[in-house]
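4 protein chains.
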Amino acid sequence: MLTMQRLDQQDAQHLIAGARAKATEIGVPMCIAIVDESGNLIAFERMDGGKTSSVIIAQEKAYTAAAARKATHEYNQICQPGHLVFGIHTTLSIVGGGLPVTVNGEVVGGIGLSSGTPPQDMECAQAGIDHFLAQIS
Amino acid sequence: MLTMQRLDQQDAQHLIAGARAKATEIGVPMCIAIVDESGNLIAFERMDGGKTSSVIIAQEKAYTAAAARKATHEYNQICQPGHLVFGIHTTLSIVGGGLPVTVNGEVVGGIGLSSGTPPQDMECAQAGIDHFLAQIS
Amino acid sequence: MLTMQRLDQQDAQHLIAGARAKATEIGVPMCIAIVDESGNLIAFERMDGGKTSSVIIAQEKAYTAAAARKATHEYNQICQPGHLVFGIHTTLSIVGGGLPVTVNGEVVGGIGLSSGTPPQDMECAQAGIDHFLAQIS
Amino acid sequence: MLTMQRLDQQDAQHLIAGARAKATEIGVPMCIAIVDESGNLIAFERMDGGKTSSVIIAQEKAYTAAAARKATHEYNQICQPGHLVFGIHTTLSIVGGGLPVTVNGEVVGGIGLSSGTPPQDMECAQAGIDHFLAQIS
Chain A
200 MLTMQRLDQQ DAQHLIAGAR AKATEIGVPM CIAIVDESGN LIAFERMDGG KTSSVIIAQE
260 KAYTAAAARK ATHEYNQICQ PGHLVFGIHT TLSIVGGGLP VTVNGEVVGG IGLSSGTPPQ
320 DMECAQAGID HFLAQIS
Chain B
200 MLTMQRLDQQ DAQHLIAGAR AKATEIGVPM CIAIVDESGN LIAFERMDGG KTSSVIIAQE
260 KAYTAAAARK ATHEYNQICQ PGHLVFGIHT TLSIVGGGLP VTVNGEVVGG IGLSSGTPPQ
320 DMECAQAGID HFLAQIS
Chain C
200 MLTMQRLDQQ DAQHLIAGAR AKATEIGVPM CIAIVDESGN LIAFERMDGG KTSSVIIAQE
260 KAYTAAAARK ATHEYNQICQ PGHLVFGIHT TLSIVGGGLP VTVNGEVVGG IGLSSGTPPQ
320 DMECAQAGID HFLAQIS
Chain D
200 MLTMQRLDQQ DAQHLIAGAR AKATEIGVPM CIAIVDESGN LIAFERMDGG KTSSVIIAQE
260 KAYTAAAARK ATHEYNQICQ PGHLVFGIHT TLSIVGGGLP VTVNGEVVGG IGLSSGTPPQ
320 DMECAQAGID HFLAQIS
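Residue numbers (my numbering), protein chains in the order written: chain A, 200 to 336; chain B, 200 to 336; chain C, 200 to 336; chain D, 200 to 336.
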């Protein structure tokens, strides 16, 4: 039997709170998705003004980051024609804004942001993780 | 030009809070989905212990209730072989637990619950609406 | 943070071995799928002669049993026109042959069998669980 | 009438054993999928620690290699903007790690690996084939 660590709902709310605060600060209402270590949705918030298309995109980013244990922008950098990973973008999200959430060296979930530019999405996702880690430390 | 009334994020949190409180009271951790009047997700919470399969089912119920402006259990009762609505269950959710959210006679969103029996899901969805309406009145 | 128990690969092989032995005994080559507690595939075996269509069906049964924490034949009995759960069969498998795998009162995975009649599938799924539980006790 | 040669379950287990041994050697737990000459799944193993997202990707690679009778990394090299094969990546996997299994000049199945880098996945897939061919020679 395996023993897995997984974000709980309170953890998810900390992640959302940190991401929301940064999104508010930069003036870009976002969709924020939090998934568990297997990629299944735990919590989601579309801030007032967040894009409808980002409902799915935020979830895809969070899924990729957690299930593949890699930031979406890292896939983005290598997923180019001629590179052996090219093509992965039809199955996983490679758009910047999805980050794995790691505790004690283990991926316990993922966060995905969408509605801004990828750098804005990435900044807010990181802010979510920073706030979460500050709460549990 | 049309002017639409739509749940905002605070409304969605009131709906979730009411549903969560009832789910906690009856001892059944739930997945809770809130969508806007177009059926697009605004907020989602998987309570600790909520079923993985309910992540999708809760969203399908909320979507149906808002977009079709009808409670999923009402579709359930008429969606029977021989009735002309039979077959709608391949496109919409007809499992009890999805309710439209109506304000001033207008559907402004939907709530979908999943993880319990349909009567439990329906009870928690209604508790969400009751709590929401009490907050805005 | 939540701590989850999940079948490991050796557990999955015990489940398959028990199911395979029963399938061989009754002379019906089967597809056998084992998923974790979230419904994601851990191991799969199509016995020589197993049906091609059962590749998917066995996985759907295992997914349902684990993610919804309920045997597929239990859903089957209540998923009838006029019952509030009717319609769930468009999202989950309600065909007999999927069983949750429970250890210490916690669902840690699921097993799905397909290629025989539902009673045959159910018998082989149960044989898989019996063999697994005998190995870990 | 056609007579097809197809991997049997024992062949599939040889393929998995060889791939698993190499994955263990390089320290990267993998998802390993084996399909028949038509692309339908015969056997699957997610090694403890294999990625959830790789459950699907490993199967896509194995499917492509067998059904299209071409290694996924060969598609990868030609699937570039301006080449007439470009676009095939929306239907088939072109990520390195899927190899056809050929016996007596005939494709009898496919193997797909996922969780490492494409070169790691390719190395483990080849190790599976090498081990299989050694067993049947």
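It is worth saying that the hints were derived from the structure and are not from the lab.
Treat the hints loosely; a few may be bogus.
[Said to hold, decoys possible] Below 30 Å or equal to it, Euclidean Cα-Cα: the simulated DSS-like pairs (lysine-lysine) are:
| id | chain 1 | residue 1 | chain 2 | residue 2 |
| --- | --- | --- | --- | --- |
| 1 | C | LYS250 | D | LYS269 |
| 2 | B | LYS269 | A | LYS250 |
| 3 | D | LYS269 | D | LYS221 |
(message) LYS269(D) and LYS221(D) were given as a pair; does the straight-line alpha-carbon distance stay at or below 30 Å?
(response) holds, 22 Å
(message) Check whether the Cα positions of LYS269(B) and LYS250(A) lie no farther apart than 30 Å.
(response) holds, 25 Å
(request) Take the C-alpha atoms of LYS250(C) and LYS269(D), compute the straight-line distance between them, and say whether it is at most 30 Å. (result) holds, 25 Å
Violation of the numbered hints given earlier is absent; every hint is satisfied by the structure.
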